[in-house]
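**Q** Here's the letter readout for the chains.
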Amino acid sequence: MFLQQTTPNTFSYMIAGYAVLAVVLGVYLASFFARFRNLKRDLEVLEEIDQ
Amino acid sequence: MNPKPRWLNILDTLTTIFFVVAVLLVFVYAPMERTMGAVQKVFYFHVATAWVGMLGFMVAAVVGVLYLIKGEQKYDIMGLAAIEISLVFFFVAIIMGSIWARPIWNTWWTWDPRLTTATIVELIYAAYLMLRQGIEDPDRRARFGAVYAVLGFLSVPLTFISIRMLRTIHPVVVGNSDPGAEGSFSMSGPMKTAFFFSLFTFSVLFVDLFWHRFRMGKLAAKVEELRLKISA
Amino acid sequence: MKNFRNFIRALTAVVRKDMAAEWRSRELFTAMLVFALLVILIFNFALELDARARASITSGVLWVTFAFAGTLGLNRSMAIEKDRGCLDGLLLAPVDRSAIYFGKAISNLVFMFVVEIVVLPVYSVLYNINLVNPQLLLVIFLGSIGYVAVGTLLSTMAVQARTRDILLPILLFPLVVPVLIAAVKASGGILQDFAWEEIQGWVNLLIVYDVIFIAIAFMFFDFVVEE
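Residue numbers (the working numbering), protein chains in the order written: chain V, 1 to 51; chain G, 1 to 232; chain L, 1 to 227.
These aren't lab readings, by the way, just hints derived from the structure by calculation. Among these hints, one or two may not hold up.
What the hints assert, rightly or not - Which chain G residues face chain V? A few, computed with CB under 7 Å, are given here:
no.	residue
1	Val39
2	Lys41
3	Ile99
4	Pro103
5	Leu228
6	Ile230
7	Ala232
What the hints assert, rightly or not - Stretch-level coverage of chain L by chain G, calculated; a stretch enters the list once three of its residues show a Cβ under 8 Å from a Cβ in chain G:
no.	stretch
8	22–31
9	159–168
10	177–184
11	197–210
Claimed, not checked - Straight-line C-alpha distance at most 25 Å; calculated SDA-like pairs for lysine to any residue:
no.	chain 1	residue 1	chain 2	residue 2
12	G	Lys222	V	Phe36
13	G	Lys222	G	Gln133
14	G	Lys192	G	Val62
15	V	Lys40	G	Lys192
16	G	Lys218	V	Asn9
17	G	Lys229	V	Val27
18	V	Lys40	V	Val20
19	G	Lys218	V	Ile15
20	G	Lys218	V	Arg35
Since the model is a prediction, treat every value here as computed from it, not as a measurement. All C-beta atoms in this analysis are idealised placements derived from N, C-alpha and C, irrespective of residue type, glycine included.
The shape of chain V in the complex, shown without the other chains:
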């Protein structure tokens, strides 16, 4: 019993690691959609001006 190695409690680090992944990817995807939408809007406006 006493010889058994104890597993350290590193649970909070795991949460932190995956939180970083979620936040960064989330921000990137959000900016992705925003840029896409803006570009579409720009294109519409520009096409109108062009005609």
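Use these hints to put chains G and L onto chain V, whose structure you have.
**A** Then chains G and L, alone, in the frame of chain V:
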């Protein structure tokens, strides 16, 4: 703008499903590692994001060469798409690695070859984006971007060799392990499943994002062209 | 054979032009030298360069100085070409583009090396450490070659961008890291009187990097000056 292709919709759905499965494999299926505890689970997506990062930089170098040979705009758009996505994933990989290192190596950061090279790679590709931002002429921007992407990719192994001549403590989990590496472990069967499935999932995720980013790049090129035409 | 002679003639013409212009104005050399001395001065305050610390960090201080002064020179030397329209003139000339690249690279190397030759004895006197040493000179020469090989290519790109002044160091430093590491380690070894066998590895690495970087820059220069 062309309507969204059907295959892209299918790929989106597949990517989502794979991602959910990968998360389940990592958190539910794969067993808890004895000596490191829960933080070991960071490793699965850490390696997967780092892999996607390197993959993107490789793709950027290849399409860079293609651009210089053929001069077609699509290769330039692909190069930018690959580097942008890779920058994000590589950044995540570095931060996740750092969080893993804190309980295992007792420090957030160490100037080990892999960590240092990863940081320099991140800086190279940030410089790539700054270079592009500084040039207005689309043709020249594409040419310089391609040259810098190839140059940057070629310098990475040289940087790694240089820093390698100093000691390393980064564990090599797949392949030959350095006996001096701290925090290395051998993977059991379920761990391997979770690990390789994560790699696979992130590769698919990369392709999916790359496709979206490529479409966005084409749209951006069109907008820029129109803008130049109107202002002329 | 005739091609090769033309190549050499074009190359020497570019170098001669740069040297003549610099001889008249001396603005590049003065700027680089004064800047280098200022950097060394600042390091003196920042690092408390006492006798014991000197032996181990001198090589680092030297290379940081050279790298900073080097970007100043590279940027200016290309900006002059660009602003006076010389670059376009050179490109219109019926000569091999790579002759222009090697000509500019050699001029830049000469400027950098001259600055280094002046900085070394000054540093030796200021900090009471002997830096005038043939082995060290060899390492500095090899390191400068690698630095200038990439630097010339990137400065050609940087001067054609809107953000040219801030762009060069950002583009250049992450790429020349391998050269700088090898150069710092080799010079550090020499200054700490290590056996040549221990330094040899770094010097070999430096030579390999020089060859690789020159080859790469030579291959890509055409794309960077295309109009």
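**Q** State for each hint whether it applies.
**A** Hint-by-hint comparison with the structure:
1. A cut of 7 Å between beta carbons decides the hint on Val39 of chain G: the least distance to chain V is about 4 Å, and the hint holds.
2. This hint holds: Lys41 of chain G has a C-beta 5 Å from the nearest C-beta of chain V, less than the 7 Å allowed.
3. Here the hint on Ile99 of chain G is kept, as its CB sits about 4 Å from the closest CB of chain V, short of 7 Å.
4. Look at Pro103 of chain G: its Cβ gets to within about 5 Å of chain V, closer than 7 Å, so that hint holds up.
5. Hint on Leu228 of chain G is violated. Least Cβ distance to chain V is approximately 10 Å, over the 7 Å limit.
6. Here the hint on Ile230 of chain G is kept, as its CB sits about 6 Å from the closest CB of chain V, short of 7 Å.
7. Contact between Ala232 of chain G and chain V, as hinted, is not supported at the beta carbon level, the nearest pair being about 12 Å apart and thus beyond 7 Å.
8. Interface restraint, the stretch 22–31 of chain L with chain G: violated (0 residues with C-beta to C-beta distance below 8 Å; minimum three).
9. Check on the stretch 159–168 of chain L: 6 of its residues sit with their Cβ under 8 Å from a Cβ of chain G, so the three-residue criterion for coverage holds.
10. With a threshold of 8 Å between beta carbons, the proposed coverage of the stretch 177–184 of chain L by chain G holds, since 4 of its residues qualify and at least three are required.
11. Under the rule that three or more residues need a Cβ within less than 8 Å of chain G, the assignment of the stretch 197–210 of chain L holds, with 4 such residues.
12. Restraint check: the Cα-Cα separation between Lys222 of chain G and Phe36 of chain V comes to about 13 Å, which is no more than 25 Å; the hinted pair holds.
13. Proposed proximity of Lys222 of chain G and Gln133 of chain G is supported: the alpha carbons are some 17 Å apart, at most 25 Å.
14. For the proposed pair Lys192 of chain G and Val62 of chain G, the alpha carbon gap of about 30 Å is over 25 Å, so the pair is violated.
15. This hinted pair does not check out: Lys40 of chain V and Lys192 of chain G have alpha carbons roughly 43 Å apart, beyond 25 Å.
16. Between Lys218 of chain G and Asn9 of chain V the CA atoms are separated by roughly 49 Å; this puts the pair beyond 25 Å, and the hint is violated.
17. Distance hint between Lys229 of chain G and Val27 of chain V is unfulfilled; the C-alpha atoms sit about 33 Å from each other, more than 25 Å.
18. About 30 Å separates the Cα atoms of Lys40 of chain V and Val20 of chain V, which puts this hinted pair outside 25 Å; it is violated.
19. Pair hint Lys218 of chain G plus Ile15 of chain V does not hold up; C-alpha atoms about 38 Å apart against a cutoff of 25 Å.
20. Taken as a hint, the Lys218 of chain G and Arg35 of chain V pair is honoured in the structure, with Cα atoms around 13 Å apart against an allowance of 25 Å.
Violated hints, in rising order: 5, 7, 8, 14, 15, 16, 17, 18 and 19; the structure is consistent with all others.
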